[in-house]
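Protein chains: 2
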Amino acid sequence: MAVSTEVNDARTTRETMCPHRLVLEHITSRWGVLVLIQLLERPYRFSELRRAIGRVSEKMLTQTLQTLERDGLVHRDAKPVIPPRVDYSLTALGREAAERVRALALWTDERMETVLRAREAYDAAKARQEREGARP
Amino acid sequence: MAVSTEVNDARTTRETMCPHRLVLEHITSRWGVLVLIQLLERPYRFSELRRAIGRVSEKMLTQTLQTLERDGLVHRDAKPVIPPRVDYSLTALGREAAERVRALALWTDERMETVLRAREAYDAAKARQEREGARP
Chain S
592 MAVSTEVNDA RTTRETMCPH RLVLEHITSR WGVLVLIQLL ERPYRFSELR
642 RAIGRVSEKM LTQTLQTLER DGLVHRDAKP VIPPRVDYSL TALGREAAER
692 VRALALWTDE RMETVLRARE AYDAAKARQE REGARP
Chain C
592 MAVSTEVNDA RTTRETMCPH RLVLEHITSR WGVLVLIQLL ERPYRFSELR
642 RAIGRVSEKM LTQTLQTLER DGLVHRDAKP VIPPRVDYSL TALGREAAER
692 VRALALWTDE RMETVLRARE AYDAAKARQE REGARP
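These protein sequence lines map, in sequence, to chains S and C. With the working numbering applied, the first sequence covers 592 to 727. With the working numbering applied, the second sequence covers 592 to 727.
A portion of the hints provided could be inaccurate.
In this list, chains with the same sequence are indistinguishable; a pair is considered to hold if it fits within one copy or across any two.
[Stated by the list, open to error] Below, computed lysine to any residue pairings styled on SDA-like, alpha-carbon distance capped at 25 Å: (1) Lys650 x Lys670; (2) Lys650 x Ser620; (3) Lys650 x Leu613; (4) Lys650 x Ile673; (5) Lys650 x Arg612; (6) Lys650 x Val672; (7) Lys650 x Glu616; (8) Lys717 x Thr682; (9) Lys717 x Arg661; (10) Lys670 x Leu613; (11) Lys717 x Glu649; (12) Lys670 x Leu697; (13) Lys670 x Ile628; (14) Lys650 x Asp714; (15) Lys717 x Ile673; (16) Lys717 x Leu684; (17) Lys650 x Lys717; (18) Lys670 x Ala696; (19) Lys717 x Arg686; (20) Lys717 x Gln657; (21) Lys717 x Gln654; (22) Lys650 x Arg710.
What the hints contain is simulated information worked out from the structure, not anything from laboratory work. As the structure is a prediction and not an experimental result, all values here were calculated from the model.
Sequences are here, hints too, so could you generate the full structure?
Shown next as structure tokens:
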């Protein structure tokens with residue numbers, strides 16, 4: 592695909608070349624998955640969501656939420672109160688995404704033992720090959 | 592989770608900490624998605640698969656296939672013929688993964704217009720905020 596040389600912003604270039612690929616990346620990203628699954632339960636305030644997910648930095652969670660909000664998956668509701676209160680919830684589109692991502696995450700969870708056995712077999716076969724290849 | 596300090600290999604550490612997360616990363620990776628969806632159709636030889644996917648380097652495709660093979664999702668069948676012939680196909684587990692990943696990819700494809708409209712609205716709102724914020 593020809594891309595105008597005037598488009599210098601990397602994000603814009605990638606969006607032009609492969610737009611739906613990027614949405615897939617956003618919803619299956621490390622924190623994207625966890626945010627979507629958490630918000631399926633109910634709306635969350637930022638600090639609550641951060642505690643619920645755990646191990647995510649404030650910066651990463653902010654970026655993840657902004658990306659999902661920009662894609663129309665998450666709704667950010669800033670209430671004009673003191674102290675400021677911001678709630679995050681799924682849009683209808685976000686709910687569709689979250690349900691599909693959760694199904695995929697549950698599948699990987701259920702099938703993990705099979706994957707671990709496959710990895711062991713693969714690693715053992717590789718090690719055997721290397722030993723045999725190392726023979727004089 | 593406590594991780595032994597003796598585990599120095601980064602891959603092993605990540606596998607120990609969050610094993611099913613890694614499978615999700617593999618099957619939703621840029622090339623992982625495309626390989627799985629392509630192999631749903633039929634088994635492919637390496638060079639055929641590379642042409643079918645397009646824009647993927649030999650090295651990246653090799654790595655992607657090895658990762659999926661190690662996870663037990665792809666079967667590598669090296670025929671003892673001259674010239675060597677290697678076929679790649681989905682295992683039963685790989686087929687389950689591929690069907691779910693394809694459903695997710697199709698969903699992002701179908702909903703792309705809604706996402707693009709959301710992004711336009713988000714960017715316009717941001718630009719408006721910045722103009723208003725820039726006022727004296």
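Hint-by-hint comparison with the structure:
1. For the homomeric pair lysine 650 and lysine 670, the shortest alpha-carbon distance inside one copy (21 Å) is at most 25 Å, but the shortest distance between copies (50 Å) is not.
2. When the C-alpha separation of lysine 650 and serine 620 is checked against a cutoff of 25 Å, the pair qualifies both within a copy, at 15 Å, and between copies, at 23 Å.
3. Taking identical chains as interchangeable, the C-alpha atoms of lysine 650 and leucine 613 lie at most 25 Å apart whether they share a chain (20 Å) or sit on different chains (22 Å).
4. In this homomeric assembly, lysine 650 and isoleucine 673 come within 25 Å of each other (Cα to Cα) only inside a single copy, at 23 Å, whereas the closest approach across copies is 55 Å.
5. In this assembly of identical chains, the alpha carbons of lysine 650 and arginine 612 lie at most 25 Å apart whether taken from the same copy (24 Å) or from different copies (21 Å).
6. Taking identical chains as interchangeable, the C-alpha atoms of lysine 650 and valine 672 lie at most 25 Å apart only when both belong to the same chain, with a minimum of 23 Å there against 55 Å between chains.
7. When the C-alpha separation of lysine 650 and glutamate 616 is checked against a cutoff of 25 Å, the pair qualifies both within a copy, at 18 Å, and between copies, at 21 Å.
8. For the homomeric pair lysine 717 and threonine 682, the shortest alpha-carbon distance between copies (19 Å) is at most 25 Å, but the shortest distance inside one copy (47 Å) is not.
9. In this homomeric assembly, lysine 717 and arginine 661 come within 25 Å of each other (Cα to Cα) only across copies, at 10 Å, whereas the closest approach inside a single copy is 45 Å.
10. In this assembly of identical chains, the alpha carbons of lysine 670 and leucine 613 never lie at most 25 Å apart, being 30 Å within a copy and 37 Å across copies at closest.
11. For the identical chains of this complex, lysine 717 and glutamate 649 are inter-copy neighbours only, at 21 Å across copies versus 41 Å inside a copy, given an alpha-carbon limit of 25 Å.
12. Taking the closest pair of Cα atoms, lysine 670 and leucine 697 never come within 25 Å of each other, the shortest separation being 34 Å inside a single copy and 36 Å across copies.
13. For the identical chains of this complex, lysine 670 and isoleucine 628 are intra-copy neighbours only, at 24 Å inside a copy versus 44 Å across copies, given an alpha-carbon limit of 25 Å.
14. In this assembly of identical chains, the alpha carbons of lysine 650 and aspartate 714 lie at most 25 Å apart only when taken from different copies (20 Å versus 37 Å within one copy).
15. When the C-alpha separation of lysine 717 and isoleucine 673 is checked against a cutoff of 25 Å, the pair qualifies only between copies, where the shortest distance is 23 Å, while the shortest distance within a copy is 61 Å.
16. With identical chains, the CA atoms of lysine 717 and leucine 684 are at most 25 Å apart between copies only, with a shortest distance of 21 Å across copies and 44 Å within one.
17. Proximity of lysine 650 to lysine 717 under the C-alpha cut-off of 25 Å is restricted to the inter-copy arrangement: shortest distance 19 Å between copies versus 41 Å within a copy.
18. Within a single copy, lysine 670 and alanine 696 get their C-alpha atoms no closer than 33 Å, and across copies no closer than 35 Å, so neither meets the 25 Å cut-off.
19. For the identical chains of this complex, lysine 717 and arginine 686 are inter-copy neighbours only, at 24 Å across copies versus 43 Å inside a copy, given an alpha-carbon limit of 25 Å.
20. Taking CA atoms no more than 25 Å apart as the test, lysine 717 paired with glutamine 657 passes between copies only; the shortest distance there is 11 Å, against 43 Å inside one copy.
21. For the homomeric pair lysine 717 and glutamine 654, the shortest alpha-carbon distance between copies (15 Å) is at most 25 Å, but the shortest distance inside one copy (40 Å) is not.
22. Taking the shortest alpha-carbon separations for lysine 650 and arginine 710, only the inter-copy value of 21 Å comes in at or below 25 Å, while the best intra-copy value is 34 Å.
Going down the numbered hints, you'll see the structure goes against 10, 12, 18, while the others check out.
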